[in-house]
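Asker: Numbering (the working numbering) for the sequence shown: 86 to 272.
None of these hints come from the bench; they were simulated from the model.
Some hints could be false.
[As the list claims (entries may be wrong)] Quick list of the computed label-pair ranges, beta carbon to beta carbon:
{"hint": "1", "residue 1": "158", "residue 2": "241", "range": "30 to 36 Å"}
{"hint": "2", "residue 1": "94", "residue 2": "237", "range": "21 to 27 Å"}
{"hint": "3", "residue 1": "91", "residue 2": "175", "range": "25 to 31 Å"}
{"hint": "4", "residue 1": "99", "residue 2": "237", "range": "17 to 23 Å"}
{"hint": "5", "residue 1": "155", "residue 2": "179", "range": "21 to 27 Å"}
{"hint": "6", "residue 1": "106", "residue 2": "241", "range": "33 to 39 Å"}
{"hint": "7", "residue 1": "106", "residue 2": "226", "range": "22 to 28 Å"}
{"hint": "8", "residue 1": "93", "residue 2": "179", "range": "35 to 41 Å"}
[Unchecked claim] Straight-line alpha carbon distances no greater than 20 Å define the calculated SDA-like cross-link-like pairs of lysine to any residue that follow:
{"hint": "9", "residue 1": "210", "residue 2": "230"}
{"hint": "10", "residue 1": "240", "residue 2": "210"}
{"hint": "11", "residue 1": "210", "residue 2": "113"}
{"hint": "12", "residue 1": "234", "residue 2": "210"}
{"hint": "13", "residue 1": "234", "residue 2": "89"}
{"hint": "14", "residue 1": "240", "residue 2": "219"}
{"hint": "15", "residue 1": "234", "residue 2": "114"}
{"hint": "16", "residue 1": "240", "residue 2": "255"}
{"hint": "17", "residue 1": "210", "residue 2": "180"}
{"hint": "18", "residue 1": "210", "residue 2": "172"}
{"hint": "19", "residue 1": "210", "residue 2": "228"}
{"hint": "20", "residue 1": "210", "residue 2": "110"}
{"hint": "21", "residue 1": "234", "residue 2": "255"}
{"hint": "22", "residue 1": "210", "residue 2": "261"}
{"hint": "23", "residue 1": "210", "residue 2": "114"}
{"hint": "24", "residue 1": "210", "residue 2": "182"}
{"hint": "25", "residue 1": "240", "residue 2": "224"}
{"hint": "26", "residue 1": "210", "residue 2": "111"}
{"hint": "27", "residue 1": "240", "residue 2": "226"}
{"hint": "28", "residue 1": "210", "residue 2": "173"}
{"hint": "29", "residue 1": "234", "residue 2": "113"}
Don't be surprised by glycine CBs; every beta carbon is placed ideally from N, CA and C.
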Amino acid sequence: MGAITVLERAEISRALTRISHEIIEANRGVENLVIVGIPTRGTTLAHRIAARIEEIEGTPIEVGILDVTMYRDDLANHPTRTPQPTVMPAEGIDNVTVVLVDDVLYSGRTVRAALDALNDHGRPKAVRLAALIDRGHRELPIRADYIGKNLPSAKHERISVRLEELDGVDEVTISSGESAAAQEVQA
Numbered sequence: 086m087g088a089i090t091v092l093e094r095a096e097i098s099r100a101l102t103r104i105s106h107e108i109i110e111a112n113r114g115v116e117n118l119v120i121v122g123i124p125t126r127g128t129t130l131a132h133r134i135a136a137r138i139e140e141i142e143g144t145p146i147e148v149g150i151l152d153v154t155m156y157r158d159d160l161a162n163h164p165t166r167t168p169q170p171t172v173m174p175a176e177g178i179d180n181v182t183v184v185l186v187d188d189v190l191y192s193g194r195t196v197r198a199a200l201d202a203l204n205d206h207g208r209p210k211a212v213r214l215a216a217l218i219d220r221g222h223r224e225l226p227i228r229a230d231y232i233g234k235n236l237p238s239a240k241h242e243r244i245s246v247r248l249e250e251l252d253g254v255d256e257v258t259i260s261s262g263e264s265a266a267a268q269e270v271q272a
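Full structure from sequences and hints, please.
Answerer: Have a look at this one:
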């Protein structure tokens, strides 16, 4: 079975706009708000969300990048990518609401690693989670506060998020595990 496109550019755009409005509403504006992306695609999505919030509210939002590679508890079981730099706002994250952004929420292990990594950078007032795709199969008690699309899937299926800035196209696809081995991006 080949890959099936489940979200295209317009649907991704609408999902990010909805998430941006939900963040503003839940935070009662944009004061003391920082958006932090988890590389690779979470960082791109974080920048898009921050840009949408700025369009809506007229106020720029700080965006950070939080690499969680060395905080993962499953390094022995999964191939790792090269760690990327972590960049936090100059003012830090103490006493602000941090919205972590990732492309796909699956087992919850990436988010757990992100929470550990955040502890090394300060003590936020609150931490929220935004995910473009929630595919289920949680191994840890973690849930997203803002979700672009719930996409129930079998464990053997592969969800691939491609973004214009990195991949030349905006789309989310799902494919079976056997044909997924040929896919470029594992979310």
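Asker: All the hints need checking, so say for each whether the structure fits it.
Answerer: Comparing the hints with the structure gives:
A hinted range of 30 to 36 Å is violated for the C-beta pair residue 158 and residue 241, which are about 22 Å apart. Distance hint check for residue 94 and residue 237: the Cβ-Cβ separation is about 23 Å, which falls inside the suggested range of 21 to 27 Å. Between residue 91 and residue 175 the beta carbon distance is about 38 Å. The supplied range of 25 to 31 Å is therefore violated. Taking the beta carbon of each, residue 99 and residue 237 are about 20 Å apart, inside 17 to 23 Å as hinted.
The beta-carbon spacing between residue 155 and residue 179, approximately 22 Å, falls within the hinted interval of 21 to 27 Å. In this structure the hint that residue 106 and residue 241 lie 33 to 39 Å apart at CB holds, the actual value being about 35 Å. In this structure the hint that residue 106 and residue 226 lie 22 to 28 Å apart at CB holds, the actual value being about 27 Å. Hint check: residue 93 to residue 179, Cβ distance near 40 Å, so the stated range 35 to 41 Å holds.
For the suggested pair residue 210 and residue 230, the alpha carbons sit about 16 Å apart, so the restraint of at most 20 Å is met. Restraint check: the Cα-Cα separation between residue 240 and residue 210 comes to about 35 Å, which exceeds 20 Å; the hinted pair is violated. For the proposed pair residue 210 and residue 113, the alpha carbon gap of about 14 Å is at most 20 Å, so the pair holds. Between residue 234 and residue 210 the CA atoms are separated by roughly 27 Å; this puts the pair beyond 20 Å, and the hint is violated.
Distance restraint check for residue 234 and residue 89: the Cα-Cα separation of roughly 15 Å lies within the 20 Å cut-off, and the hinted pair is therefore satisfied. Distance check on the hinted pair: residue 240 and residue 219 sit about 13 Å apart at the alpha-carbon level, within 20 Å; holds. Pair hint residue 234 plus residue 114 does not hold up; C-alpha atoms about 24 Å apart against a cutoff of 20 Å. At most 20 Å may separate the alpha-carbon atoms for a hinted pair to count; residue 240 and residue 255 exceed this at roughly 24 Å.
The straight-line distance between the Cα atoms of residue 210 and residue 180 is roughly 4 Å, inside the 20 Å bound, and the hint therefore holds. Between residue 210 and residue 172 the alpha-carbon distance is near 19 Å, which keeps this suggested pair within the 20 Å criterion. For the given pair, residue 210 sits about 18 Å from residue 228 by alpha-carbon distance, which is consistent with the 20 Å threshold. Restraint check: the Cα-Cα separation between residue 210 and residue 110 comes to about 17 Å, which is no more than 20 Å; the hinted pair holds.
Distance check on the hinted pair: residue 234 and residue 255 sit about 15 Å apart at the alpha-carbon level, within 20 Å; holds. With a CA separation close to 41 Å, the supplied pair residue 210 and residue 261 exceeds the 20 Å bound. For the proposed pair residue 210 and residue 114, the alpha carbon gap of about 15 Å is at most 20 Å, so the pair holds. Under the criterion of a C-alpha separation no larger than 20 Å, the hint pairing residue 210 with residue 182 is consistent with the structure, at around 5 Å.
As the CA atoms of residue 240 and residue 224 are separated by approximately 12 Å, the hinted pair is consistent with the 20 Å bound. Simply put, residue 210 and residue 111 have alpha-carbon atoms about 14 Å apart, close enough for the 20 Å limit, and the pair holds. A distance of roughly 18 Å separates the Cα atoms of residue 240 and residue 226; the hinted pair therefore holds under the 20 Å criterion. Proposed proximity of residue 210 and residue 173 is supported: the alpha carbons are some 15 Å apart, at most 20 Å.
This hinted pair does not check out: residue 234 and residue 113 have alpha carbons roughly 23 Å apart, beyond 20 Å.
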